[in-house]
Amino acid sequence: DAGVIQSPRHEVTEMGQEVTLRCKPISGHDYLFWYRQTMMRGLELLIYFNNNVPIDDSGMPEDRFSAKMPNASFSTLKIQPSEPRDSAVYFCASSLLAGAQGEQFFGPGTRLTVL
Amino acid sequence: AQSVAQPEDQVNVAEGNPLTVKCTYSVSGNPYLFWYVQYPNRGLQFLLKYITGDNLVKGSYGFEAEFNKSQTSFHLKKPSALVSDSALYFCAVREGYNFNKFYFGSGTKLNVKP
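Protein chains in written order, with this note's numbering: chain X, 6 to 120; chain Z, 2 to 115.
Okay, chain X solo, but in the shape it has when bound (with noise of 0.2 Å):
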């Protein structure tokens, strides 16, 4: 298995534009998983679906950032317009649907730099 798979790997873009991550779970995962590390903040969620369906978003800052899923194997995280105060590393994550036993599985991430 070839793990959770995040592209890019790297983006640098200037502010106001637009910035896509993208995401492909682990086969057969119905949870997947935002995240965002900064040395501020640590670690925080933004956003997580189950079978495909948006659940808890609540950890999204601003409407600037969108999430979809459209299908169980590709997800993607859109920053629009990009500002430098959203910098970080962008982590995805998926598990399997198993209570509070899953542990989550989490890509190499996309580090993001908006200048």
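If you are wondering where the hints come from, they were derived from the structure by calculation, not from laboratory data.
Be aware that one or more of the hints could be misleading.
[Unchecked claim] Okay, derived cross-link-like pairs now, EDC-like style, lysine to aspartate or glutamate, Cα gap no bigger than 20 Å in a straight line:
# : chain 1 : residue 1 : chain 2 : residue 2
1 : Z       : Lys50     : X       : Asp61
2 : X       : Lys83     : X       : Glu108
3 : Z       : Lys59     : X       : Asp61
[Claimed, not checked] Facing chain Z, according to a computed beta carbon distance under 7 Å, are these residues of chain X, among others:
# : residue
4 : Asp68
5 : Phe96
6 : Gly112
Ideal Cβ positions, reconstructed from N, Cα and C, are used throughout, including at glycine.
Given chain X, put chain Z in place with the hints provided.
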């Protein structure tokens, strides 16, 4: 509200010595506790978890963690540290009624020196 505290930003230990990385938690119901490790430029990797049962949980790479309900702690331990254990370690608690939401601690950087 659920929360996790890792009181030490950094832990330094010599290779071959035992190591402990501390974690305390706060939950409204039964705790479901996890440890993850993050190597540079990598995603988090699952180490071990406590759901129920024996208070001493054994995990990957020789790590173990001890659940202490009275002290609300879940410290990560290893009897003999390796230089390759140097990484960032995160404790996490799963929210009681929302099993799919994790709360992560701020992380502890472990430095193992030869």
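Cross-check of the supplied hints:
Using a Cα cut-off of 20 Å, the hinted pair Z:Lys50 and X:Asp61 is violated, with the two alpha carbons roughly 24 Å apart. For a cut-off of 20 Å, the pair hint linking X:Lys83 to X:Glu108 is broken: about 26 Å separates their Cα positions. Restraint check for Z:Lys59 and X:Asp61: the C-alpha separation of about 32 Å exceeds 20 Å, so the hint is violated. Of the supplied interface hints, the one on X:Asp68 is violated, with its beta-carbon coming no nearer than about 22 Å to a beta-carbon of chain Z, more than 7 Å.
With a cut of 7 Å, the hint placing X:Phe96 at the interface with chain Z holds, because the nearest CB-to-CB distance is about 6 Å. Below 7 Å, beta-carbon pairs count as interface contacts, and X:Gly112 has one with chain Z at about 5 Å; its hint therefore holds.
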